[in-house]
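Student: Just so you know, the sequences run in chain order C and H. Letter by letter, the first sequence follows residues 1 to 240 in our numbering. Letter by letter, the second sequence follows residues 241 to 397 in our numbering.
For the record, the hints were derived by calculation from the structure and aren't laboratory data. Some hints could be false.
As the list claims (entries may be wrong) - Computed cross-link-like contacts, PhoX-like style, restricted to lysine-lysine with a CA-CA straight-line distance of at most 20 angstroms:
| no. | chain 1 | residue 1 | chain 2 | residue 2 |
| --- | --- | --- | --- | --- |
| 1 | H | K342 | C | K168 |
| 2 | C | K210 | C | K222 |
| 3 | H | K306 | H | K337 |
| 4 | H | K306 | C | K168 |
| 5 | C | K75 | C | K168 |
| 6 | H | K306 | H | K342 |
Stated by the list, open to error - Anything over 12 angstroms on all C-beta distances counts as not near chain H; from chain C, calculated:
| no. | residue |
| --- | --- |
| 7 | K73 |
| 8 | N111 |
| 9 | A120 |
| 10 | N121 |
| 11 | V127 |
| 12 | M141 |
| 13 | D148 |
| 14 | L151 |
| 15 | R169 |
| 16 | E172 |
| 17 | D175 |
| 18 | A176 |
| 19 | Q187 |
| 20 | L214 |
| 21 | L223 |
Please read all numbers here as calculations on a predicted model, not as lab measurements. By construction, the Cβ of each residue, glycine as well, lies at the ideal position given by its N, Cα and C atoms.
The residues making up each chain are set out below.
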Amino acid sequence: MPTGKETHTDQAKPHRWGMVVDLDRCTGCEACVVACHAENNIAVSNPEEAARGRVNHWLRVDRYYEGQFPDVKVKYRPVLCQHCDEAPCEPVCPVNATYHNPEGLNVQVYNRCVGTFYCANNCPYTVRSFNWFDPQWPEPMQLQHNPDVSLRPGGVMEKCTFCIQRIKRVEESADAGSRPVADGEVQPACVQSCPAEAMVFGDLNDPDSKVSRLAGDGRATKLMEELGTKPKVVYLDRAR
Amino acid sequence: MKLHFLLFLAVTVSVPAVRAEQPILFPHSTHINKVHLKCIDCHISADTRDAATIPGIRKCMLCHAKVATDKPEIKKLAAIAASGREIPWQRVYGFEKAAAVKFRHGPHARHKVPCATCHGDMPNAITAQPLVKHNMGTCITCHRQNNASDDCATCHY
């Protein structure tokens with residue numbers, strides 16, 4: 001069991017990773033979804049299984065339609081794991097496969113997961129996806145798997161990790177250079193791929209980081225905050 | 241009799257996993273003790289990168305094109321080199337896919353973990369064999385003793 005002990009980078013304060021999504025900038029292009037699939041070796045479903053709700057996405061773009069045709073306005077909202085500080089998925093896992101790590105990430109340990117589905121049932125954001133079968137990719141996509149991310153077998157729950165493999169890489173290179181992790185150095189795949197730069201990722205424990213400054217913006221809201229989940233993804237509402 | 245008993249002990253105690261049949265009887269002991277090579281002279285990225293790497297046959301032939309060419313094992317080596325292929329070494333360490341472990345040599349070397357901690361007494365070993373059992377107990381014990389993180393996500397993701 002994790003003891004909450006800090007990593008050996010000798011940092012006075014552990015990181016607390018969080019994200020800000022500016023909904024004014026999001027155009028709903030779904031580049032983040034594609035990048036997420038490519039980075040994290042997420043299996044690709046087929047139309048039959050998708051019709052039964054068996055799709056794997058760690059990040060989806062919700063669409064809200066306003067008005068009547070032809071005066072329709074579409075509002076987009078990228079929804080990923082909110083890495084809640086009071087995550088409803090964590091206490092229900094009977095095998096401790098999902099827990100909070102010292103850096104505030106809601107982690108899923110694949111080889112511990114027995115597939116009870118309790119976590120996904122208890123997630124108000126419905127951002128967890130289950131591998132109903134062993135993962136499959138249409139040819140030749142199986143050739144581009146990211147070696148830094150494990151392939152999850154069938155029967156295992158998975159979810160957004162905030163690209164923990166990238167966080168680890170940056171932390172290791174910072175450790176090798178005996179320097180702190182710079183603001184903006186860690187970029188999850190979705191953040192990196194967003195052409196509108198709608199997503200910002202960083203350390204919420206650093207008051208000077210871009211993500212902390214944006215999280216204190218007047219437009220900042222959290223998704224379903226009233227549930228008391230204390231999400232670490234902050235949405236900047238549309239100004240208009 | 242005594243010698244046999246010692247041999248039996250040595251085999252059963254120090255080799256917990258299945259012995260690997262290596263294509264060439266490569267003596268680590270000779271290269272380390274007599275030629276005074278360091279581990280990273282051949283496993284060149286063990287101190288910096290993810291994988292330690294196994295040297296290619298061209299590395300062997302840098303010396304063995306001229307050195308000890310009359311020995312039977314070197315003749316085998318030269319034959320493989322002449323055929324343009326690599327030596328089909330048997331892998332002795334590694335984690336199964338289902339374990340979802342991401343191991344990197346670099347950080348361990350940077351934190352001064354001796355090679356012998358995980359790879360055993362290679363200076364006195366002949367071919368590559370799994371001298372140390374690599375399971376979660378081994379890793380966690382060492383991590384806790386050295387105040388390294390024992391968070392699951394340190395290795396499993």
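Student: Please go over all the hints and tell whether each is borne out by the structure.
Tutor: Hints versus structure:
| no. | hint | in the structure |
| --- | --- | --- |
| 1 | H/K342 to C/K168 | holds (10 angstroms) |
| 2 | C/K210 to C/K222 | holds (17 angstroms) |
| 3 | H/K306 to H/K337 | violated (41 angstroms) |
| 4 | H/K306 to C/K168 | violated (45 angstroms) |
| 5 | C/K75 to C/K168 | violated (34 angstroms) |
| 6 | H/K306 to H/K342 | violated (40 angstroms) |
| 7 | K73 | holds (39 angstroms) |
| 8 | N111 | violated (5 angstroms) |
| 9 | A120 | holds (19 angstroms) |
| 10 | N121 | holds (22 angstroms) |
| 11 | V127 | holds (17 angstroms) |
| 12 | M141 | holds (18 angstroms) |
| 13 | D148 | violated (7 angstroms) |
| 14 | L151 | violated (7 angstroms) |
| 15 | R169 | violated (9 angstroms) |
| 16 | E172 | violated (5 angstroms) |
| 17 | D175 | violated (7 angstroms) |
| 18 | A176 | violated (6 angstroms) |
| 19 | Q187 | holds (17 angstroms) |
| 20 | L214 | holds (26 angstroms) |
| 21 | L223 | holds (24 angstroms) |
Taken one by one, the earlier hints fail for this structure at numbers 3, 4, 5, 6, 8, 13, 14, 15, 16, 17 and 18, listed in ascending order.
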